[in-house]
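S.K.: Here's the letter readout for the chains.
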Amino acid sequence: MTEDLDFEGWTCPMPLRDTPTVVMGHGGGGAMSAELIEHVFLPAFTGSHADDLRDSAVLPPLPGRLAFSTDSYVVKPMFFPGGSIGDLAVNGTVNDLAMSGARPLYLSTAFIIAEGTPMADLGRIAAAVGAAADRAGVRLVTGDTKVVDHASGDGVFINTAGIGLIPDGVDIGPARARPRDAILVSGELGLHGIAVLSRREGLEFGTAVESDSAPLAGLVAAMLDTGADVHVLRDPTRGGLAASLNEIARTAGVGMELVERDIPVPEAVRDACGLLGLDPLQVANEGKLVALVPAEAAEAVLAAMRAHEHGHLSRRIGTVVDGHPGVVVARTGLGATRVLDLPIGEQLPRIC
Amino acid sequence: MRYLDEFGDPDLAQRLLEQIHAVTTRPWALMEVCGGQTHSIIRHGIDQLLPPGVEMIHGPGCPVCVTPLETIDRALAIARRPEVVFCSFGDMLRVPGSREDLFTVRAEGGDVRVVYSPLDALQIARENPDRQVVFFGIGFETTAPANALTVHQAREQGIENFSLLVSHVLVPPAIAAIMESPTCRVQAFLAAGHVCSVMGTGDYPPLAERYGIPIVVTGFEPLDVLEGIRLAILQLEQGRHELENAYARAVPAEGNPTAKAMLSDVFEVTDRTWRGIGTIPQSGWRLSSRYAAYDAELRFDVVDIRTEESTLCRAGEVLQGLITPPDCAAFGAECTPRRPLGATMVSAEGACAAYYAYRRLDVVEVP
Amino acid sequence: MCLAVPGRVESVYTENDTAMAKVDFGGVTKAVCLAYLPETTVGEYVIVHVGFAIQRLDERSALDSLAGFARLGGLTEALGEEPESAAGGGGGLR
Chain A
21 MTEDLDFEGW TCPMPLRDTP TVVMGHGGGG AMSAELIEHV FLPAFTGSHA DDLRDSAVLP
81 PLPGRLAFST DSYVVKPMFF PGGSIGDLAV NGTVNDLAMS GARPLYLSTA FIIAEGTPMA
141 DLGRIAAAVG AAADRAGVRL VTGDTKVVDH ASGDGVFINT AGIGLIPDGV DIGPARARPR
201 DAILVSGELG LHGIAVLSRR EGLEFGTAVE SDSAPLAGLV AAMLDTGADV HVLRDPTRGG
261 LAASLNEIAR TAGVGMELVE RDIPVPEAVR DACGLLGLDP LQVANEGKLV ALVPAEAAEA
321 VLAAMRAHEH GHLSRRIGTV VDGHPGVVVA RTGLGATRVL DLPIGEQLPR IC
Chain B
683 MRYLDEFGDP DLAQRLLEQI HAVTTRPWAL MEVCGGQTHS IIRHGIDQLL PPGVEMIHGP
743 GCPVCVTPLE TIDRALAIAR RPEVVFCSFG DMLRVPGSRE DLFTVRAEGG DVRVVYSPLD
803 ALQIARENPD RQVVFFGIGF ETTAPANALT VHQAREQGIE NFSLLVSHVL VPPAIAAIME
863 SPTCRVQAFL AAGHVCSVMG TGDYPPLAER YGIPIVVTGF EPLDVLEGIR LAILQLEQGR
923 HELENAYARA VPAEGNPTAK AMLSDVFEVT DRTWRGIGTI PQSGWRLSSR YAAYDAELRF
983 DVVDIRTEES TLCRAGEVLQ GLITPPDCAA FGAECTPRRP LGATMVSAEG ACAAYYAYRR
1043 LDVVEVP
Chain C
83 MCLAVPGRVE SVYTENDTAM AKVDFGGVTK AVCLAYLPET TVGEYVIVHV GFAIQRLDER
143 SALDSLAGFA RLGGLTEALG EEPESAAGGG GGLR
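Going line by line, the protein sequences match chains A, B and C. With the first sequence counted from 1, adding 20 to any position gets you my numbering. With the second sequence counted from 1, adding 682 to any position gets you my numbering. With the third sequence counted from 1, adding 82 to any position gets you my numbering.
Think of the hints as simulated: they come from the structure by calculation, not from any bench. The C-beta atom is built at its ideal place from N, Cα and C for all residues, glycine as well. One or more hints might be untrue.
[To be verified] Far from chain A, by Cβ distances over 12 angstroms, these chain C residues were calculated: (1) ASN98; (2) VAL110; (3) PRO120; (4) THR123; (5) GLU126; (6) LEU145; (7) ALA149; (8) ALA152; (9) ARG153.
[As the list claims (entries may be wrong)] Think about it this way: if two alpha-carbon atoms lie no more than 25 angstroms apart in a straight line, the pair counts; the simulated SDA-like pairs of lysine to any residue are: (10) A:LYS166 with A:MET44; (11) C:LYS104 with A:ARG219; (12) A:LYS96 with A:ALA181; (13) B:LYS942 with C:THR123; (14) A:LYS166 with A:ALA134; (15) A:LYS96 with A:GLY294; (16) A:LYS166 with A:HIS59; (17) B:LYS942 with B:ALA858; (18) C:LYS104 with A:PRO286; (19) B:LYS942 with C:PRO120; (20) C:LYS104 with B:ARG808; (21) C:LYS104 with A:ARG220; (22) A:LYS96 with A:GLY47; (23) A:LYS166 with A:GLY45; (24) C:LYS104 with A:ALA51; (25) C:LYS104 with B:LEU686; (26) C:LYS104 with B:PRO934.
[Unchecked claim] Partner residues are not named here, just some residues of chain A that face chain C (Cβ under 8 angstroms, in silico): (27) ALA228; (28) GLU230; (29) LEU295.
Using the sequences provided together with the hints, build the complete structure.
M.R.: Below is the structure:
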């Protein structure tokens, strides 16, 4: 299961008293905990100046409105094509901040580790967290580690909380959606969900699909730099595009009309979804955003998105309307309409 | 040739639609038997594009929807047992029993696992010799071969901790039952393509003859569904009632003889209760006596099943095509995919779920 | 009832005394049981339902159907003829 991984950037945690797995003692706050932090986490968090281990990080004063977000990461399997729980833990919170238009600055990382987790796995996850933080340009300034017994969990759970700074004049939120707004998406959909599913026990299928987990603050900054009055940003994670658009539509009391043929879904995702009976528009993404911008700004924003490394395949997929408030409708390939619904709970493979 | 995108080509779909409009001179009521076809029709909006008088009545071709309530309750009772690993297709997890569903059982500690194939369940049995692994074998004739081979392997390889809870249903008796119903309005059938891939087309000419109805074996992609509809309407307009095969690329007339041989070894025909419809004689398969040792219904002594359907639920009428989901007062109100009262709202192919997912707009008042 | 998907047989092998194949669904590959189509060879297309290949796909028939659809309408417009009573040629009607 871990053969696909890249070992580079991870330093061996020796000496760690020859413990190949994490044990309860590592969460006890004593010498073993200190060793874990010193030999596994700190070397991985190289970009962060966390050499002063206090109970709380003291931050400099920040000029402006703050965005604050938290998320917990429990994905199984922990390692999947294109990434790991470590990447998600950083990029997920970074992106939540970015969706308010904020520039992410600081992150906390709290680990809850099940006893028996291989030290090597923990090391790889820590390395992924450190590398993702570097790529996203955020500093890991404080954290925590707990170990739980086997009955209480399996593998590693991570919570990250983040603080970001919102530039003056930026006011982004779902209530700002307006009829005639253009609905844009920053690239191909369904990659993350399919990558994870392909490794899930009981399904195992081979695919070239890799998770698209990526930090989007830079993309958002490029969009804001055009001077456009971006109304709404959302990262379509759990529940996919369908969940995000429905939530925005309901909050703002607007309707939406999409053109199915314009929604970018790669063939491999379509095929995997066909095999399992899933709707690609309900599959999770971890490196994409949806934007609602005033109609007149759409062209400029799209151009800025396409010029950015995380937005090359950006497209306009629809328009906000004042009809059917709260309902998202799509024009099918045949020219008929269908409602794009809010998914309910877990997506399960089906036979029917 | 990828056999998928080509059969969704919008330009060819337009041609087929134009032809359908060109040949239709009066109202017709067609029934598509297979839930997969229902899903495709509503998902692509095909019924919105047909001539105004042409009505697609959605048939009971959703095995999830028609699995008898008693069987669901039995499955739940078995799944609750501590020694059991209960394996099922994903579709069944949210189907409501009398009081709960498999999701609830899982949440309360039952070992319920979703698998893609019944062979995965057999593998779980191999890997867990100290547990009783039960596979929930539902489905039409399309799925039965997979379940048959799995239990056959279990017997050949002596995997005794494996058993099958069987509830298979058959299409031809369902068509007969629908035609026999005094309230039947169906004038032509789109037969289920993948069922025929397995069973062949031999069961249908006698039905076409007996009831004087066109039967067209139809696939699932937009062009396949449109072609099936086109041929059915042509027959109706021309006063013919024959079997035609509009899915020839996947349906040879003889079906799959190897599969059929296995099916006759593993299963035997039985009367079957279709949830919401009633008992249709000789319309199901159960494990034959040779496989009694692997029959979960016999292995697990489940007593005291008291079935209780929701009084609001009109799934049965929907399954028979007597009403459309929006005709039901509970549709979208007490009954939604999140809180389904009946199986037709749970299964992705149930008509109620399809209408709710894709057609709610028609039911929503536009100011 | 029949979420069955077409795929291309990439390789065939045996596992647990069962004929199996690795099938490619356009980028996604999955292990599929081939017991019901024992003579299937690499390169052929099959329809797969719950991990089992249940029928072979007839390429000739598929091409005929598509050609038939393409001829519809165009022919009627051009020649003012009666609509065809079946799609394409060799697929077989019953």
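S.K.: All hints are to be evaluated individually against the structure, with a verdict given for each.
M.R.: How the hints compare with the structure:
1. ASN98: C:ASN98 clear of chain A: closest Cβ-Cβ about 16 angstroms, beyond 12 angstroms.
2. VAL110: Non-interface label fails for C:VAL110: nearest chain A Cβ at 5 angstroms, not farther than 12 angstroms.
3. PRO120: holds, 23 angstroms
4. THR123: holds, 20 angstroms
5. GLU126: holds, 18 angstroms
6. LEU145: holds, 21 angstroms
7. ALA149: holds, 20 angstroms
8. ALA152: Given that every Cβ of chain A is farther than 12 angstroms from that of C:ALA152, nearest at about 17 angstroms, it holds.
9. ARG153: Label holds. Min Cβ-Cβ 20 angstroms, cutoff 12 angstroms.
10. A:LYS166 with A:MET44: holds, 9 angstroms
11. C:LYS104 with A:ARG219: holds, 16 angstroms
12. A:LYS96 with A:ALA181: holds, 21 angstroms
13. B:LYS942 with C:THR123: Holds, because 21 angstroms separates the two Cα atoms, which is no more than 25 angstroms.
14. A:LYS166 with A:ALA134: At roughly 9 angstroms apart (the allowed maximum being 25 angstroms), A:ALA134 and A:LYS166 satisfy the hint.
15. A:LYS96 with A:GLY294: holds, 22 angstroms
16. A:LYS166 with A:HIS59: Given pair A:LYS166, A:HIS59 holds - Cα atoms ~16 angstroms apart, limit 25 angstroms.
17. B:LYS942 with B:ALA858: At roughly 21 angstroms apart (the allowed maximum being 25 angstroms), B:ALA858 and B:LYS942 satisfy the hint.
18. C:LYS104 with A:PRO286: holds, 22 angstroms
19. B:LYS942 with C:PRO120: holds, 14 angstroms
20. C:LYS104 with B:ARG808: Holds - the C-alpha atoms of B:ARG808 and C:LYS104 are around 22 angstroms apart, at most 25 angstroms.
21. C:LYS104 with A:ARG220: Answer holds: C:LYS104 to A:ARG220 is near 18 angstroms, not above 25 angstroms.
22. A:LYS96 with A:GLY47: holds, 22 angstroms
23. A:LYS166 with A:GLY45: holds, 10 angstroms
24. C:LYS104 with A:ALA51: violated, 51 angstroms
25. C:LYS104 with B:LEU686: holds, 19 angstroms
26. C:LYS104 with B:PRO934: At roughly 24 angstroms apart (the allowed maximum being 25 angstroms), B:PRO934 and C:LYS104 satisfy the hint.
27. ALA228: holds, 6 angstroms
28. GLU230: violated, 12 angstroms
29. LEU295: holds, 5 angstroms
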